[in-house]
Amino acid sequence: MQVQRKAGMTAKLKQIANNPFLYVMAAPGLLFFLIFSYLPIYGITIAFKDYNFSKGITGSEWVGLKNFDYFFTSDDFWIVLRNTLGLNLLFILFTTVTAVLIALMFNEIRNKYFKRISQSLIFLPYFMSWIVVGMIVQSLFGGEEPMINHWLSGLGMEPVNWMFEAKLWPAILTVIRVWQGAGYLSIIFLAAITGIPEDLYEAARIDGASKLQIMLRITLPLLVPTIMIMTLLSVGKIFNGDFAMIYAIIGDNSLLYPTTDVIDTFVFRSMRQLHDFGMSSAVGLFQSVMGLVFVLAANAVTRRLSKESALF
Amino acid sequence: MKQKQSTSDHVFTGTAYTFLALFTLFCLFPFLLMVIGSFTDEGELIAHGYTLFPSKLSLAAYEAVLQSDVLYNGYAITIFVTLVGTLSALCISAMLAYSLANKRNVLQTPFLLFCYLPMLFSGGIIPFYIVVSQWLNLQNTVWVLILTLLCQPFLVFLLVSFFRTIPEELEEAARIDGANEMRIFFQIMVPISKPILASVGLFYALNYWNDWFMGLMFVDNEKLFPLQLILRRMVSNMEAAKNLIPSGAAISVTPPTYGVRMATTVLTIGPIILLYPMLQKYFVKGLTVGAVKG
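The listed protein sequences correspond, in order, to chains A and B. Numbered according to the working numbering, the first sequence terminates at residue 312, and the numbering increases by one at each position without gaps. Numbered according to the working numbering, the second sequence terminates at residue 294, and the numbering increases by one at each position without gaps.
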């Protein structure tokens, strides 16, 4: 048994020696993952230590679960967890519904120019950095006299102090998310619709079905598997708050934290402002573990629905 | 009967056009606001805020911004990072993907696992921060902006799935002629993979152009600020826009801070808009390849 394995090993080594370029070519990429993904995974031990800059990761003292205790018993924990899951659910729900609608409507449109121009413009926001989005939001809602208030007063409504009203922001963020992400998702749905066999439509037309009936009875049902899969993939990432989005838009406006602070922004702040490395990496570890559980669960469900769509 | 059906179909098609036209306007609106705002007279911006129909136009904001060293410097950093980053990232990812997709690679399974795990589990930003700033000492260098984004597992796997579709006979012929893997890769694989390489390259380029997180984490030195960070400073801080206006510039008494914010935003997204037709084409291609797997 051992001899056999040894023989297998030498055969492998021989093959590697015969064909070294395959491994040389992979080396830079593998090195990247080793340094920027695997070293930080080793660094997770900080979550169980009293991290001290001068002593480093290996030298700091072990403190067991103290870092976790501190976070899980604080009020922040529930707020941040609720915001992360709640905002992500809102984003998933509204982006998916809008994207499905867009894809279904595009399927009805025959004017080539309208289609092309409209598709380009709907996809455009996806290419903007969140900083640019943050600047737009600031221009609309920020300042002493927000532009939105000019419009509200034009409609005879009371001005709103947007930057103070935390309860408005889940809705605002959802609108922004739909603006930014629905076009992107609709392209995937539209590709799935294009894959629906034409003879199904022809048969329906011969039977005298109306366009609405065709959409509801053929296009939509055949789109459902793709919708399910895209949704499951997003649900798998539900524990990851969108740091770039939230931080670029909300920034350090603490008045809005009650409804907008997510795990990722909380961790970033604990690190930057409180310099509490132990606690923030404990929170990060909690998030990574929950994220892994959800991805695996989502993947298992996807696998049952459609094998080739599963990630692994 | 027939007549009735076609009326309902007309209504339905009309609804589709209306819905899409409205959503398109919704997507376009912030861009219009931004571009028009950057050309609006500062006095009007102060009095009425950003509007779609300004009564007085002005080029003052651009005149101010285009004299600013800060902005030129930001452009230089961003362009350097995007060019060097995209080329290196593309090279590294394509070579890695070729090795991962190759049946002759006896370490294929361990290599694949090694690249897959980072998609599922991460150490979080704190250990990442410590590794980059304490162990590698990369903070406040331009390299930190390039190195940290060099390889994205998702894009590597996109390339892997493409390389797997290339018929083996192509390589066999070259191999019989005595070509080694390196030559096969550069002389056979790269030329026939151009469209997918373009897609992946654009994904990387957009990533580099739009990134500000790495800068936020690791760069304090304002001389190394990429465009996005310069813009970020202006989002919440009105005064920051004034930093962009050179003190010696012969501009009216009130510095056009509102206009400058919009002009800088327009200049930041300018290259993306200019390249957009190409970007869109290759993105859709990459997306629909990617949608099949992951």
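Just to be clear, a hint being listed does not mean it is correct.
[As the list claims (entries may be wrong)] The calculated lysine-lysine pairs, modelled on DSS-like cross-linking and capped at a C-alpha distance of 30 Å, are:
1) B:Lys285 / A:Lys115
2) A:Lys112 / B:Lys281
3) A:Lys12 / B:Lys103
4) A:Lys307 / A:Lys66
5) B:Lys223 / A:Lys307
6) A:Lys167 / A:Lys237
7) A:Lys112 / B:Lys285
8) B:Lys103 / A:Lys307
[As the list claims (entries may be wrong)] Facing chain B, a subset of chain A residues (Cβ under 7 Å, in silico):
9) Gln15
10) Gly29
11) Phe33
12) Glu108
By construction, these hints were calculated from the structure, which means they are not laboratory data. Don't be surprised by glycine CBs; every beta carbon is placed ideally from N, CA and C.
Right, here's what the structure says about each hint:
1. B:Lys285 / A:Lys115: 17 Å, holds
2. A:Lys112 / B:Lys281: Holds, at roughly 16 Å.
3. A:Lys12 / B:Lys103: Holds, at roughly 13 Å.
4. A:Lys307 / A:Lys66: 43 Å, violated
5. B:Lys223 / A:Lys307: 51 Å, violated
6. A:Lys167 / A:Lys237: Judged against 30 Å, a Cα distance of about 24 Å means the pair holds.
7. A:Lys112 / B:Lys285: 19 Å, holds
8. B:Lys103 / A:Lys307: 23 Å, holds
9. Gln15: 5 Å, holds
10. Gly29: Constraint on Gly29 of chain A satisfied, holds at 3 Å.
11. Phe33: Interface hint status for Phe33 of chain A: holds (6 Å vs cutoff 7 Å).
12. Glu108: 4 Å, holds
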